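Chemist: Using the sequences and the accompanying hints, generate a full structural model.
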Amino acid sequence: MAWYRDNCRQLPWRSDISVYRVWVSEVMLQQTQVKTVIPYYIRFMETWPDLKDLAATGLETVLKTWEGLGYYARARNLHKAAGIVVRDMGGIIPDDYKGFKNLPGVGDYIASAVLSITGSKPHAVVDGNVKRVLARLLCVDAPVNHSAAHKAYKAIAEKLLYEKDPGTYNQAVMELGALVCTPKRPDCGPCPLAGECCAYEKQVTDIFPRRIKKKKVPTVHIAAGIVKKKGKVLITRRKLDGLLGGLWEFPGGKVEPKESSEQACIRELREETGIEAGNLQFLTRVFHAYTHFKIEMDVFFCDYISGRVLLNGPIDHKWVSVDQLHQFPFPRANLKFMELIRG
DNA sequence: AACGCGGGGTT
DNA sequence: AACCCAGCGTT
Numbered sequence: 001m002a003w004y005r006d007n008c009r010q011l012p013w014r015s016d017i018s019v020y021r022v023w024v025s026e027v028m029l030q031q032t033q034v035k036t037v038i039p040y041y042i043r044f045m046e047t048w049p050d051l052k053d054l055a056a057t058g059l060e061t062v063l064k065t066w067e068g069l070g071y072y073a074r075a076r077n078l079h080k081a082a083g084i085v086v087r088d089m090g091g092i093i094p095d096d097y098k099g100f101k102n103l104p105g106v107g108d109y110i111a112s113a114v115l116s117i118t119g120s121k122p123h124a125v126v127d128g129n130v131k132r133v134l135a136r137l138l139c140v141d142a143p144v145n146h147s148a149a150h151k152a153y154k155a156i157a158e159k160l161l162y163e164k165d166p167g168t169y170n171q172a173v174m175e176l177g178a179l180v181c182t183p184k185r186p187d188c189g190p191c192p193l194a195g196e197c198c199a200y201e202k203q204v205t206d207i208f209p210r211r212i213k214k215k216k217v218p219t220v221h222i223a224a225g226i227v228k229k230k231g232k233v234l235i236t237r238r239k240l241d242g243l244l245g246g247l248w249e250f251p252g253g254k255v256e257p258k259e260s261s262e263q264a265c266i267r268e269l270r271e272e273t274g275i276e277a278g279n280l281q282f283l284t285r286v287f288h289a290y291t292h293f294k295i296e297m298d299v300f301f302c303d304y305i306s307g308r309v310l311l312n313g314p315i316d317h318k319w320v321s322v323d324q325l326h327q328f329p330f331p332r333a334n335l336k337f338m339e340l341i342r343g
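In this note's numbering, the protein residues as written are 1 to 343.
Please keep in mind that the hints were generated in silico from the structure rather than gathered at the bench. Being a predicted model, the structure only gives us computed values, none of them experimental. Beta carbons are placed, not taken as given, at the ideal position from N, Cα and C, and that holds for glycine. Misleading hints may appear alongside valid ones.
[To be verified] Computed Cβ-Cβ distance ranges for the label pairs, DEER-style: (1) Val220 - Ser147: 23 to 31 Å; (2) Asp165 - Leu335: 41 to 49 Å; (3) Asn7 - Asn312: 50 to 58 Å; (4) Leu160 - Leu59: 34 to 42 Å; (5) Lys229 - Glu271: 17 to 25 Å; (6) Pro104 - Lys164: 28 to 36 Å; (7) Asp53 - Lys202: 17 to 25 Å; (8) Val220 - Pro104: 23 to 31 Å.
Modeler: Written out as structure tokens, the structure reads:
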């Protein structure tokens, strides 16, 4: 606790503390590093300073602010939860664990973090940092990236919780994991727990925490078309659930075996949007990595030939001028060639 | 309990 | 290239 007091970082969500501000920060910080989150968080809070502001806006606007941050279900769930609180709960965010965790997008971690930090409720958080610190401190064998091990770490964390100030305690463990007890080459010298750390005493900090091996990720070939018609281009909107849910993109899809990118582009445009396109001109190839697969995407300019748009897959479409593209939320893989379209 | 879900930084 | 990150929802 003393170490945290002297060494904690000044972060935007650590001033003007409120349930709403801490909640938003915890949602953004899921699987996302502090440095990445900071500019998104500042912009979000400037746009929607209060929960009621967020509830009063449209999902597309929220997704646009979230564009590039990833895990877009977080934005959809947060927006939905804001609506529930404002319309069904009189604007009062539940201050009990069960009530708060029942909101969409709020799991054990966020409920424990928000309620301990903003309300001193006695719940221990278990995130990647906490698991790593505990695994080293006690030489815990349970693999940290195995779902079955979560309960074991949660139980340890609950037992160690400092109930007089759970919020500071939780943040102290996480901050220690982020700044000192790092995944590679932990800085054990200044660590306040070095004297009681099992892994440090045995000089095995490099083999804790244990983890199970992950499979390697396949590469998928994709073709996408920027269809031009009367000075406008066609964009489609992905369904609201699943990968990149609710975002806009240039239509396209998988390149099948023994199929060229050009053939795949024409075929996918026909299947997804019902239109015929031709006169393809290669624009660029984009490489992009997701968690479970990688894509190589060939992007083509092409001309609209015939047909009326009849969607099969996408939930919406628009013909827009190039100047309007920035108004819509796109996946990062599309943003990578957005600059080239004007040329 | 396993799996899907982004994107970026570090090593 | 592999690993990691202030996890959650669905099945």
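Chemist: Does each hint fit the structure? Answer for all of them.
Modeler: Each hint, compared with the structure:
1. Val220 - Ser147: 23 to 31 Å: 26 Å Cβ-Cβ, so the 23 to 31 Å window holds.
2. Asp165 - Leu335: 41 to 49 Å: Distance hint for Asp165, Leu335 holds at roughly 43 Å.
3. Asn7 - Asn312: 50 to 58 Å: holds, 55 Å
4. Leu160 - Leu59: 34 to 42 Å: holds, 40 Å
5. Lys229 - Glu271: 17 to 25 Å: holds, 19 Å
6. Pro104 - Lys164: 28 to 36 Å: Since Pro104 and Lys164 have Cβ atoms about 32 Å apart, the given range 28 to 36 Å holds.
7. Asp53 - Lys202: 17 to 25 Å: Violated, since Asp53 and Lys202 (Cβ atoms, about 52 Å apart) do not stay within the stated range.
8. Val220 - Pro104: 23 to 31 Å: Roughly 30 Å apart at Cβ, these two residues keep to the hinted range, so it holds.
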